[in-house]
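A.B. asks: Going left to right, the sequence shown walks through residues 1 to 290 as full-length UniProt numbering numbers them.
In case anyone wonders, no lab produced these hints; they're calculated from the structure.
In this text, all values refer to a predicted model and were calculated from it rather than measured experimentally.
C-beta: ideal position from N, C-alpha, C; glycine also.
Misleading hints may appear alongside valid ones.
[Stated by the list, open to error] Label-pair distances were calculated between CB atoms; the ranges are:
1) Arg135 <-> Pro205: 43 to 51 Å
2) Thr159 <-> Pro205: 55 to 63 Å
3) Phe73 <-> Arg3: 31 to 39 Å
4) Asp234 <-> Arg201: 27 to 35 Å
5) Leu139 <-> Asp234: 39 to 47 Å
[Claimed, not checked] SDA-like, lysine to any residue: derived pairs with alpha carbons at most 25 Å apart:
6) Lys120 <-> Phe168
7) Lys120 <-> Gln108
8) Lys250 <-> Ala98
9) Lys250 <-> Ile79
10) Lys250 <-> Arg101
11) Lys250 <-> Gln212
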Amino acid sequence: MRRIFLLTFLVPPLLLYGLFVVSPYAQAFQISATNWSGLSPTFEFVGLDNFRRLLGDGWFWNALRHNGLLLLFLPVVTILLGLFFASMITVHGVRGAAVYRVVYFFPQVLSVAIIGVLWKEMYAPHTGMINGLLRSVGLDDLAVAWLGDPRFAFWCVLTVLIWMNVGFYVVLFSAAMQAIPRELYEAAALDGADRVTTLVRITVPLLWVTIQVAWVYLAIIAIDGFAIVQIITDGGPSSSSDVVGLRLYKTAFGDGQFGYASAIGVAMFFLTLTVAAMFLQVTRRDRVEL
């Protein structure tokens, strides 16, 4: 009777998951071996030709290089800022901590579309808030076309990704820090430990599992990064902010090459799995018990 009860609740969601998640993934592997255009009822089986083409595709490697930079900077900067702000709010008791949590978390209640449009307007060369502030303090020479200059476009997108994600990890790390006994911090203070030493020697080791999970999530975001890039820069100028997810989208819906786009998707699938497994292995430590 118990098994029937469990199956009644487990089978329907598993079927839905298989239909709407597993099945599209499986179809992507099949389509990646064809030259399907996305609309034609016919297609040819091309085997591994799409993957061979991928190896020599300069556009793909340019986009992948940008994903690599996101993978390098986004997790590191976001986690460091998250730990710093969470430590100030939770451990050191900054006045107005509850207000700060709301302010930091606010970007999480906004949709990606709103965030993208908001920052695109802020970066506008003539009417944007950033250049307006620079001109108001006499720094006219620093007021540039942020999204129109290949030197700055990618870093502008990276800044937005950090801003929109850091608040979630401030709240996450704050919640984890509240489980750390205050006696540990009081003992460290009596021993003369400063705030940086306390953060590195006490907080980080006790929060390592949470940091590890955050690192994997941010790595997955770095490998994708499609939506915010499309809204703010659409990969430009001169593909200076292009990412693999956007390259896949343009290849499929812009060029009508669904077979080749599926090959890019399969490559992203294995890349994501590899990066996640690598991060978990590299950041693996013995768990510290309180």
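A.B. asks: Each hint needs a verdict: does it hold in this structure or not?
C.D. replies: Outcome of the hint check:
1. Arg135 <-> Pro205: 43 to 51 Å: With a Cβ separation near 46 Å, Arg135 and Pro205 satisfy 43 to 51 Å, so the hint holds.
2. Thr159 <-> Pro205: 55 to 63 Å: violated, 30 Å
3. Phe73 <-> Arg3: 31 to 39 Å: violated, 50 Å
4. Asp234 <-> Arg201: 27 to 35 Å: Given about 45 Å between the Cβ atoms, the range is violated.
5. Leu139 <-> Asp234: 39 to 47 Å: violated, 28 Å
6. Lys120 <-> Phe168: Cα-Cα ~22 Å, so holds.
7. Lys120 <-> Gln108: holds, 18 Å
8. Lys250 <-> Ala98: Not satisfied, since the Cα-Cα distance of roughly 43 Å exceeds 25 Å.
9. Lys250 <-> Ile79: Given pair Lys250, Ile79 is violated - Cα atoms ~31 Å apart, limit 25 Å.
10. Lys250 <-> Arg101: violated, 38 Å
11. Lys250 <-> Gln212: violated, 33 Å
This entry does not satisfy hints 2, 3, 4, 5, 8, 9, 10, 11, going by the numbered hints stated previously.
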